[in-house]
Each structure stands twice: as C-alpha cells, then as structure tokens.
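Chains as they are written, first to last, in our numbering: chain A, 1 to 306; chain B, 1 to 363; chain C, 1 to 526.
If you are wondering where the hints come from, they were derived from the structure by calculation, not from laboratory data. Glycine is no exception: its CB is placed at the ideal position from the N, C-alpha and C atoms. There could be a bad hint or two in this list.
[Said to hold, decoys possible] Residues from chain A shown here face chain B by an in silico Cβ test under 10 Å; the list is partial:
no.: 1; residue: Thr-10
no.: 2; residue: Asn-87
no.: 3; residue: Ala-94
no.: 4; residue: Ile-95
no.: 5; residue: Leu-105
no.: 6; residue: Gly-107
no.: 7; residue: Glu-215
no.: 8; residue: Ala-219
no.: 9; residue: Trp-223
no.: 10; residue: Ser-265
no.: 11; residue: Ser-269
no.: 12; residue: Tyr-273
no.: 13; residue: Thr-276
no.: 14; residue: Val-281
[Said to hold, decoys possible] Only part of the chain C face toward chain B is listed, based on derived beta-carbon distances under 8 Å:
no.: 15; residue: Glu-312
no.: 16; residue: Ser-322
no.: 17; residue: Gly-325
no.: 18; residue: Ile-333
no.: 19; residue: Asn-334
no.: 20; residue: Gly-350
no.: 21; residue: His-351
no.: 22; residue: His-356
no.: 23; residue: Leu-364
no.: 24; residue: His-368
no.: 25; residue: Gly-369
no.: 26; residue: Trp-381
no.: 27; residue: Gly-383
no.: 28; residue: Ile-384
no.: 29; residue: Asp-385
[What the hints assert, rightly or not] Below 25 Å or equal to it, Euclidean Cα-Cα: the simulated SDA-like pairs (lysine to any residue) are:
no.: 30; chain 1: B; residue 1: Lys-243; chain 2: A; residue 2: Asn-87
no.: 31; chain 1: B; residue 1: Lys-243; chain 2: C; residue 2: Asn-315
no.: 32; chain 1: B; residue 1: Lys-220; chain 2: C; residue 2: Asn-332
no.: 33; chain 1: B; residue 1: Lys-179; chain 2: A; residue 2: Ala-219
no.: 34; chain 1: B; residue 1: Lys-348; chain 2: C; residue 2: Ser-78
no.: 35; chain 1: B; residue 1: Lys-243; chain 2: B; residue 2: Gly-228
no.: 36; chain 1: B; residue 1: Lys-323; chain 2: A; residue 2: Thr-83
no.: 37; chain 1: B; residue 1: Lys-323; chain 2: B; residue 2: Leu-22
no.: 38; chain 1: B; residue 1: Lys-220; chain 2: C; residue 2: Glu-355
no.: 39; chain 1: C; residue 1: Lys-22; chain 2: C; residue 2: Lys-404
no.: 40; chain 1: B; residue 1: Lys-7; chain 2: C; residue 2: Asn-315
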Amino acid sequence: MSPYEAILLTIITASTPLLLAAIGELVVERSGVLNLGIEGMMVMGAVCGFAAAHVTGSAWLGVLAATFAGIATSLLFGLLTQTLITNQVATGLAITLLGLGLSGLIGSGFVGLPGVKLANVSIPWLSDLPYVGRLIFGQDPLVYISIVLTVGVAYVLNNTRVGLIIRAVGQNHHSAHALGYRVVAVRYACIAFGGATSGLAGAYLSLVYTPQWIENMTAGRGWIALALVVFSTWLPERLAAGAYLFGGVWILGLYAQGMGIGIPSQLLSALPYIATILALVIISTNRRLSVINTPASLGQGFVPDR
Amino acid sequence: MQLILEKRAQASGLMNLLSPVLAILLTVIMGGLIFAAMGKPPLTALYLYFIDPLTSWWSIEEVLVKAGPLILIGVGLAVCFKANVWNIGAEGQFTAGALMGAIIPVLWGEWQSPFALVAMLFLGALGGALFAFIPAWLKTRFGVNEILTSLMLVYIAQLLLDWMVRGPWNDPHGYNFPKSASFEGWHLLPMWGDGRMHLGLVVSLVAALVLFWVMRHTLKGFEVNVVGSAPRAGAFAGFSQTKMVWFCFALSGGLAGLAGLIEVAGPVGQLQPNISPNYGFTAIIVAFLGRLNPIGVIFAGLLLAISYIGGEGVQIELGISDKTTQVFQGMLLFFILMCDTLILYRLKWISTQSSQQAIGDPS
Amino acid sequence: MLNKYNKNAQSTLLQVKSITKKFGEFYANDTINLSINAGRVHALLGENGAGKSTLVKMMYGALQPTSGTIHWQGNEVSIASPAHARDLGIGMVFQHFSLFEALTVVENISLALPPELRQGDLSHRIADLSQDYGLPLNPAALVADLSVGERQRIEIVRCLLQQPKLLIMDEPTAVLTPQEAQALFATLRRLVEEGCAVLYISHRLEEVKQICHDATILRHGKLVAEVDPQEETAATLAQLMVGASVHKVSRDNNDQVGDVLLELSNLYQNSSTPFGVDLVDVNLQVKSGEILAVAGIAGNGQGELFGVISGEECNPNQNAISLLGQAGDGLNINQRRCLGAAFVPEERMGHGAVEHLSLTDNILLSRHGCIDTHSPLDRGWLGIDKKQLAQLNQVIGADYDVRKSKEDAAAGSLSGGNLQKFVVGRELNRKPKVLVINQPTWGVDAGAAALIRQAVIDLSRQGSAILIISQDLDEIFELADTIAVMSRGQLSPIYAAGDLTREQIGLMMAGSHEQSDFNSNLDAGA
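Whole structure, please, built from the sequences with the hints as guidance.
This is the structure we're talking about:
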C-alpha cells in the first residue's frame, strides 16, 4: 500500500464518525429540532457498544447496542423538548453533560480492557485492484453504512413524501399541524433517527477507530458534527464533502505530529477546532444561502391548541 | 387516556420556587436507584453524598472553596442565558483568565506588592473577557452561532494552557513536570481558616449581590430581560442586540476569567494542565438551577459544590467512580428543565379520541 | 342581485347543536346552534374575539368541543382532525394561511391531499383547475415569491381539488384588493351554483350583504341573532355585532395644516430578511395637523417602511429621512423619540409590548430613552423610578379606558383591544409631534377602534403630523386627509383623500403606479 493510500484510508476513518453523527442531526434539524446533545449520545453509543462487544465478543452486537443506546438517549431529549417543551439548547447541554458522566460511570469497569474490532469487508478481486481497490472495496462496514445513509437521506428528503413532511414540519409547525400532521410524532421519529446515527458514530470510535474504551473519547466530535450541519447549509451532499474535509484536517494534524516537524503538538491537536470555527465563518459570509435553507422553526417548541 | 400539557393563564409563582426543590428530590431518588443498581447501599451512599460534607468544618470549608468559582461563573452565565446569549465556553474563558493573570507571577516574579495581586485579578478578568470577545465578534460580525464557537474555544484554550506549562512557562526547577513555577507571596490570595479558605468566595458573593441589584432594579437588567425574551420589542425599545451580545460575553467571560485567576492564585497556586474540575460546564447547571437569578445562583453553587465533595467522599468510602458526580450534575440539570415546564404549564389527563390519526399522513 | 331561492338550497349539510368550548375558565363558545344548507353562502358575523374562529375550528376538527354535537348530513360525527373533516367533505381557507414559504405551490398542495388525489400529474391538474375557476397559479413557483392574493388562491385551489361540499372561509377579503375580492365572489357564486355550501366569516358588512344568503351573528361567544342579510342594513348588522350603537368618529375639516414634520425623499432600503420586501424610491411628506394614510395589502413593504421611519432599521448612509426639520437617517429609535416622534408597531404582542412583563415595565419599553417627564425614569445605578411608572400607568389606563384585571397586570392578560389602547395611549400620553402607527385598529373590537381613531384625530388637530399604515379602507377613509398606496415596496404619489375612490386605491394596491419592470430593465441594460 502506497503512503497516499494509507493517508486516504485514515482520512476516511477519521471522517466517518463525523459523517454518521452529522447526517442524523441534519434530519433532526430539518424537522425543526436543534439537538445539541450529539456529544452525549455519541459517547453513550461508544461505551455501550464497547461494553456489549466486549461481553458478547461480537462487534456486530456492539454496533446494535450502540445504536440503541443512542436512540434511548435521544428519546430522553425528545421527552423533554417535545413533550415537556423545554428549552432545546439547555436540554441538549444536559444530554451532553449527562452522557459524558453516565458513560464514564458505565465505562469505569472497562478502562484498559481489550476491545473487539469490527472486521473490514473485503470484496474478492475488487479490493485487490491497484490504488483504488483497498480504498473503495476494502473498508469496514460502517463506512459503507455512512455512505448509504447519506445518499438515502438526500433521496428521502428531496424525492419522497416522508421527506416533504419532514421539511414542512421543520419550516412551519403551525401550518403542518393545521393540515393535520402530527408535528410532535414526526419530530420524535427524526430525533430517534439522529440518536441512532450518533450511537453508530460512537460505535465507530470504540469498535473501529480505537477498539477500546477511553473516557470522553468523543473529544468534541459531536460538536464538530453540529458545526458541519451548519456548514452544509442542511444539504446532505455538502455535508459529506464537509465531513471528509474535516477528517482530512484531523489526519493532517496527526501526520504532522508524527513527522516531528517543529510545530507544537498542541497546535496541531487544536487544528480541527480552529478549522471548525473558520468553516463557520466562511459559510456565514454567504448568509443568504444559509438563511434560505434554515428550517424556519428550528429550535422552537411546539404546543398545539386544544 | 393521554397526558398533555395545558398552558397556565399566568406563570405559577409557587412552582417557580418549588421546581428546583422537586428537581433535587427527583435527582436524589434517581441517584439512590443508580446506587442500588450498582449494588451499593443507597441510603448510605446518599448520606455520604449530600449530608456528610456538611458534618465537619473541614469539608464545609472545602464546599465553600468549590462554591466560589461556581457562583462567580454561574452569575455571569445567568445574565447571558437570560439575554438569550449562549456562552457555553466559560471553561475556556476560565483557562484564559488563569493564563493572562499568571503573566505577573511567571514573568515578573520579583514584583511583590499588593498591587501585583490587584493587577493579577484585573488581568484575569481581562483575559477571560478578551477570550470571550472572539465568539462575540464572530457572532456580531459574521452571524456565527456562539454556542459552537465558544465551545470550540474551550478545547483551544486547554491546549494552549497545556503548551504553555510544558513549553515557555515550564518551571525550570520542576524536573520537567508540566507545571509553572509555584506562585508566592503577593501572587497568592490571602487565605484563612484551615488554610484553604480564600478571598474568592467573598468576590463571588459581592458579584452575585451586585448583579442581583442590576438585574432587579436597573435599566440594564430590564434591557437584558427584554432583549432575551422578546428581541423585536427590544429593538422597539432601542436596545441593541449587538451591544447586548458584547455585554454578555464581556461580563460572563470576565467573571469566568476572574474565577480562573482566583483558582490558580488560590487553591492551585501555580499553572498546570488541569486547573478546573469542569467548573465552566458545571456553572451552566448552577445558572439554571438558580433560576437565572443571582441570589438563586448562590444556593445552586453551594449545592453543586456539595456534590463535588460528596462525590469524592463516596469514591473513598464506597469505591464508586467519581463519575457519579458528573451523573448527578447532569441529572440535576435534566430534572430542573423538566420541572420548569410546570411553571408555565399544568399536566392534565385527556381522553385519547383526538390522537387517533395516522402518524404523519393527513389521510 | 342575489338569487334568494337557490334551487340547490334544500338539504341541511352541517348542523351544530348547543356546542360549547372553554379555554380554562373562559367560554370562547357558549351553547351555539347553527345549521348550514347546501347551495348557500352562510355568513358568520361577529367582532374580533366573538368566537367565530373557535367555532369554525371545531367544525374543521382543529379544536375539540368541550360539549355539544356536530351533525354532518344528518349523522352525528366527532371530527377528530382536519384530515377527518376533509374526508367528510369540509374544506377550509384560513385567515392566516397554512402555507410553507420555502416549498413550491405543488408541494404545498400535495401536503394537504389524501393519497388518491396525489396520483398522476398534480401540477397539471392544479393548472387546469385554477384556470377553470379564474384563480391563475404557477404550480412550480416558490410560495415565498407570491403575493398574498396568490397565496390565498393556493389555499382555495387546495380545497377545491378535494371537491368539498362545504367550504369555510375565514376573513378571505382582508388581504385582497377590492378588485380581487370581486373576482373571489365570482368564484364563490359558481361554487354555490354547483351545490357547494360556503361558510363565510367576515366583519365587512357590505360584502356580506352582497353575497350571503343567511347570516348568524355571534357576540362574546354567544349566538345573538340569525338574520336574512338582505333584509338588514349595514347599520343594523353592526348594531347586532357590537351590541350597542356604534360610536361614530367625529372630525372637523382641518384648515390648520402647517410645516412638514416628516419627510422621506428618494428612500431606498434593502430588506434585512430573506423573504422581505425592498423599499424602492419612497417619497412622502406629512405636515403638522395632517393625517397621511399609507394603504396597501399586507406584506408589500409596510413593515419595512415602519422600521425605517422608526429607526429600528437604521441606515446612516443616506440622506432620505427628515424628522421635525432634522436629518434623521443616522438616529436610532430613541434619538428619534427624543426629537418628538412616537411609534406604534403592527404587532402588539412581542413588538409593541412584551407578553410576560407588567404594564409598568411595558411603559418603560418606549419611555426610558429621553426625559419627557419631569424627572428621569432611569436613575442609573439607583435603579428605575417605579413610583413614577405606576403613576404613568394609572394616567394612561384612565385616559384611554384600558380595562385590566388588576392595576399593574401582565400585558399578556389584556384583551387585544385593551392592549392596543394601552400601546397607543403610552405614545399619545407624550403628545408626540410626529406619530407613526402601523395598523392602528387591526383585530380590535369596534369600541376600542373608535376610541383609538378619535384620539388620533384629536392629536392631529392639535398640530401633530400623523402617518398611518393600514390595510383597512374603511379606517383610511375615516381618518385620512391624504392617501398614498404601497405595493411591492413602491409608494404611489400622495393624493387628497377626497380625490380617490376605493376602486382607484384598489388598482394602485395591485401595482398600477409601479414603475414597470420593462423600463427598469432597459435602464439596467444601458
């Protein structure tokens, strides 16, 4: 494998958790809900996925457990923001703080234990193709799932009735309610989807990226995923591009550290966070684009008249 | 039957007071259940957690020492959140304040005078405020969401601190441990009691009382309230949204920076990579539990300080991970948000006939 | 002339029997009986807050009655949801449209249709049907780009596609020019001839007399009369609605017009919101002792105009605003107040007043900026002078008849009319030299409207210059000395009120005065 292949491979590995978490949040936000709890859902997915895989020995059961952990955490968010109409920003923070604490508690018995790595899929012959073989046909299954999810979300949002309903609910919940759509139910479903993909993103960290449990191993990726959604102006195709760009920045920092050039390692570690801020600034200069695509009722609770 | 919310004609004053109590109660119950699930005696654990810290003077002092930064950061954030400005990067501003204030002991170690301490306090607040100006500028100039930028800056501040104490500001006599030289003399806050109590708590209480007056009685407090709850009415009143963002970040960043300086010039006594047990994030909970009211924040700060000390106690006595502290804090914020719903709404059972529609389809 | 005995008018379509709806302790509807027959236009009349909207929302399944029954074609039904109502054959056009700005016409319509009606080429069917009924629509257009009248067409077409037996229309002409309203009436007449029933909610009595066969009148949630509108006069109908004879606003001719106090010259302003309206070359003058009314359909730049004049949208880079003889462009709203100007925005709640704040706090909202009382309200660190605020509140409450549950109630607890009296009173109490009011009596009961209009006239006769922005032509003719019309961000020249007819204003509302796109394209190309 050539060095350039190796770099591209690691970039894909670094980008996939961002893409997974962000594609779910994109759907959540399109339905008019702002869930700032990605970091919390993701870290819960990571610890539950690791624990289940470690106990059962099956990485796939770990993935399943992570997904359910993400959904369960997201439904807590749904209960508060949709049923009890709490402030979505504060509730998202609560989910993050709770998730970080709870995962630490659950994971305290798993620190330093060997994990189970999700095996790569290797398509015979095709993965042996020069240059692109390993890259396109020899990834781990979650990479393919993330791509399928992205394409699926783009298709569903733009071409199906379900997508139309989600967009309608996100734009004007009063009108959607007046037409007889169950705003809260639609949003619950979207929130659960977001929880599932955040759980998957967490599983990716603890079952593929570094198959072990490390406290706070999400390291702010949930927040970067949130920034990516803003950066994408709520368009799945731009989201994917953004995620791979960010993965690239992340890996660039790691490689630069590895090569031991004279830049402080802390500066290189800070690159993804600095890049996030820069990306948000760049996208904001085209304000019209982001304003038009912004779901108009983003972050507002909905209580129907009775 | 189905449980629904019905909007109250007027916000319930009773629930406004009762909601934090209810939230604490629910947290305690859930906490007991978690302890039980872990196979620990729940009542003992809860006693160790919430009561034991108040049974000895030593631990009460510890609680007060921990409450200081929580209150100081919490009152700033309470004003911010009231104005609908979401600074969640107080942890970063805390770090920035500590770094900026440490310029004097690290670079001018020989300047020993009370003015040096005053200058440190000033620089601490300035450092926090300047660091908070980054998200404020990005928001007012480019319209970038302040939640994400202020949070990203937390990571950046921590990495900056890490670099400083390992690199330029590393203690030349410190055997390469990641820390600065220890602060001495007038570079430390006056201490009393058993040697842990310091000026910080007094500063926090004064800040809380001043902000209480400002929020309750002055035009500035009125402005915060109006801009936060009804932005268009704020524009009608001639209050500038932009200035409000700057004001909130200056205030909360300054107070967080001051808290950071007080922490390194007080209990910690030097710069090191870990100077905060998540004070900046816990203060978010403090602000909400205190109903975004500076007096309420004082009580909330004390309660969360107890949870820190209690968490340590439980860890020592029962061998439970100190992560329980974070779980308790998270649950507390969770339940307070939940109970706050009851201020504006009442719960009501209704028959289910109106909920028979198919999900998401009008036919 | 209306055909009173429509041949289709035999069968009772919908019957409401002693229906009651409570919100908390408040009776929005109190034991109301009503029956609607096929092939007739049935008017539902009442003041704002009389309970009309609540009643029809129950018929449409958007609200559930507290007690009482609804019968559809003779059978008792429980209408669980709007979808259920549509299944029965009930369609509704809301006063506030339930449309999605960033979706296309076809997407908007599709969202409201049951699966069997979504099949096939929906765009084509929309185009056909809208052509057929004289409601032209482009199915591919984005709703955000359409005028209010066009948006209403979407709502109507959306109902018609489902071939309703009963069409409910909530204040449909409030957003239409007189000409558009006539076109709508033609569509309604055709529908009725086809056997459809229409429930027509309005408080415009002339049009009720023009197109309705029956009329039911509500007052304070109760049914007060069922009448034949043909046998009533507008005055008797109004009396039934209001419950007392309507107070007529009195005005003498103003012959004391003085200096120009407010002037806009060549004002341009780009909208700060994505779906807003840009103001193009706006010119106007208001003199001391004069009331200028800006007429126009909502959403044609009136909100933006208000923002520019009040200083909420400040643009220091031009020299277009002159206020009491001074350049006003660079001044913020409080500086403009200090010069002697006062402003009343369209939205009472959330803009002119804050729902959860007390009335005294709401006074502070627009009165803290400059010293117009004997001592300052804002005393810096010493805090706000709450005693003085309480006195002001008492004076405003007494002078403008603000009815409230307690002296310093929360703004949100006041009825719409009382809150509007408070918000207007708060400004008039200062005796401003220039007053700008956007929709002075929108959604306000007749008593409050009369009080407000009289107060505005009285102020102008004391030498103030007043600018009213309104979409209510009755109100405009009652108040205005001069009239200009706004459409798509452009303002017509100013005419004396006596020189204009409703029809002329209607044409200008539709844009007859606008500079044509053709010319401006030529300019751009040159």
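Checked hints:
1. The criterion of a C-beta within 10 Å of any C-beta in chain B is not met by A:Thr-10, whose closest approach is roughly 21 Å, and the hint is violated.
2. A distance limit of 10 Å between C-beta atoms decides the matter here; for A:Asn-87 the minimum to chain B is near 7 Å, and the interface restraint holds.
3. For A:Ala-94, the interface hint holds, the least distance from its beta-carbon to any beta-carbon of chain B being 4 Å, beneath 10 Å.
4. The criterion of a C-beta within 10 Å of any C-beta in chain B is met by A:Ile-95, whose closest approach is roughly 8 Å, and the hint holds.
5. Because the smallest distance between the Cβ of A:Leu-105 and any Cβ of chain B comes to about 4 Å, under 10 Å, the interface hint for this residue holds.
6. The closest approach between the C-beta of A:Gly-107 and any C-beta of chain B is roughly 8 Å, which is under the 10 Å cut-off, so the hint is satisfied.
7. Using the Cβ-Cβ criterion of 10 Å, the hint placing A:Glu-215 at the interface with chain B is satisfied: the shortest such distance is roughly 8 Å.
8. Here the hint on A:Ala-219 is kept, as its CB sits about 8 Å from the closest CB of chain B, short of 10 Å.
9. With 10 Å as the threshold, the beta carbon of A:Trp-223 comes within range of chain B, its nearest partner Cβ sitting at about 5 Å, so the hint holds.
10. At a threshold of 10 Å, the smallest CB-CB gap from A:Ser-265 to chain B is about 8 Å, leaving the interface hint in force.
11. Because the closest C-beta pair between A:Ser-269 and chain B is about 6 Å apart, less than 10 Å, the hint holds.
12. Against a cut-off of 10 Å between C-beta atoms, the interface hint on A:Tyr-273 holds, since the closest Cβ of chain B lies about 4 Å away.
13. Annotation: interface hint on A:Thr-276 holds; nearest CB of chain B at approximately 5 Å, less than 10 Å.
14. Using the Cβ-Cβ criterion of 10 Å, the hint placing A:Val-281 at the interface with chain B is satisfied: the shortest such distance is roughly 5 Å.
15. Because the beta carbon of C:Glu-312 sits about 5 Å from the nearest beta carbon in chain B, less than 8 Å, this interface hint is met.
16. A distance limit of 8 Å between C-beta atoms decides the matter here; for C:Ser-322 the minimum to chain B is near 20 Å, and the interface restraint is violated.
17. For C:Gly-325, the suggested interface contact is broken, since its CB lies about 22 Å from the closest CB of chain B, more than 8 Å.
18. For C:Ile-333, the shortest C-beta to C-beta distance to chain B is roughly 4 Å, which falls under 8 Å, so the interface hint holds.
19. Taking 8 Å as the C-beta contact cut-off toward chain B, the hint placing C:Asn-334 at the interface holds, the least distance being around 4 Å.
20. At about 5 Å, the closest approach between the beta carbon of C:Gly-350 and any beta carbon in chain B falls short of 8 Å, and the interface hint on this residue holds.
21. Here the hint on C:His-351 is kept, as its CB sits about 4 Å from the closest CB of chain B, short of 8 Å.
22. Taken as an interface hint, C:His-356 checks out: its beta carbon lies about 7 Å from the nearest beta carbon of chain B, inside 8 Å.
23. The interface hint given for C:Leu-364 is met, as the beta carbon of that residue sits about 6 Å from the closest beta carbon of chain B, less than 8 Å.
24. Interface restraint check for C:His-368: the shortest CB-CB distance to chain B comes to about 6 Å, inside 8 Å, so the restraint holds.
25. Checking C:Gly-369 against chain B by beta carbon gives a least distance of about 5 Å; that is within 8 Å, so the hint holds.
26. Because the beta carbon of C:Trp-381 sits about 7 Å from the nearest beta carbon in chain B, less than 8 Å, this interface hint is met.
27. Against a cut-off of 8 Å between C-beta atoms, the interface hint on C:Gly-383 holds, since the closest Cβ of chain B lies about 3 Å away.
28. Interface hint status for C:Ile-384: upheld, as the beta-carbon distance to the closest one in chain B is roughly 6 Å, under 8 Å.
29. For C:Asp-385, the shortest C-beta to C-beta distance to chain B is roughly 10 Å, which exceeds 8 Å, and the interface hint is violated.
30. With a C-alpha separation of about 24 Å, the suggested pairing of B:Lys-243 with A:Asn-87 holds against the 25 Å cut-off.
31. Note on B:Lys-243 and C:Asn-315: the hinted pairing holds, with a Cα-Cα distance of about 17 Å set against a maximum of 25 Å.
32. Note on B:Lys-220 and C:Asn-332: the hinted pairing holds, with a Cα-Cα distance of about 18 Å set against a maximum of 25 Å.
33. A threshold of 25 Å between alpha carbons decides the hint, and for B:Lys-179 with A:Ala-219 the separation of about 23 Å falls inside it, so the pair holds.
34. With a C-alpha separation of about 21 Å, the suggested pair B:Lys-348 and C:Ser-78 falls inside the 25 Å cut-off, and the hint holds.
35. Between B:Lys-243 and B:Gly-228 the CA atoms are separated by roughly 13 Å; this keeps the pair inside 25 Å, and the hint holds.
36. Distance check on the hinted pair: B:Lys-323 and A:Thr-83 sit about 29 Å apart at the alpha-carbon level, beyond 25 Å; violated.
37. For the given pair, B:Lys-323 sits about 23 Å from B:Leu-22 by alpha-carbon distance, which is consistent with the 25 Å threshold.
38. Of the pairs offered as hints, the one joining B:Lys-220 and C:Glu-355 holds, with about 19 Å between alpha carbons and a cut-off of 25 Å not exceeded.
39. As the CA atoms of C:Lys-22 and C:Lys-404 are separated by approximately 21 Å, the hinted pair is consistent with the 25 Å bound.
40. For the hint linking B:Lys-7 to C:Asn-315, the alpha-carbon distance of about 41 Å lies beyond 25 Å, and the restraint is violated.
The structure is inconsistent with the numbered hints 1, 16, 17, 29, 36 and 40, although it conforms to all the rest.
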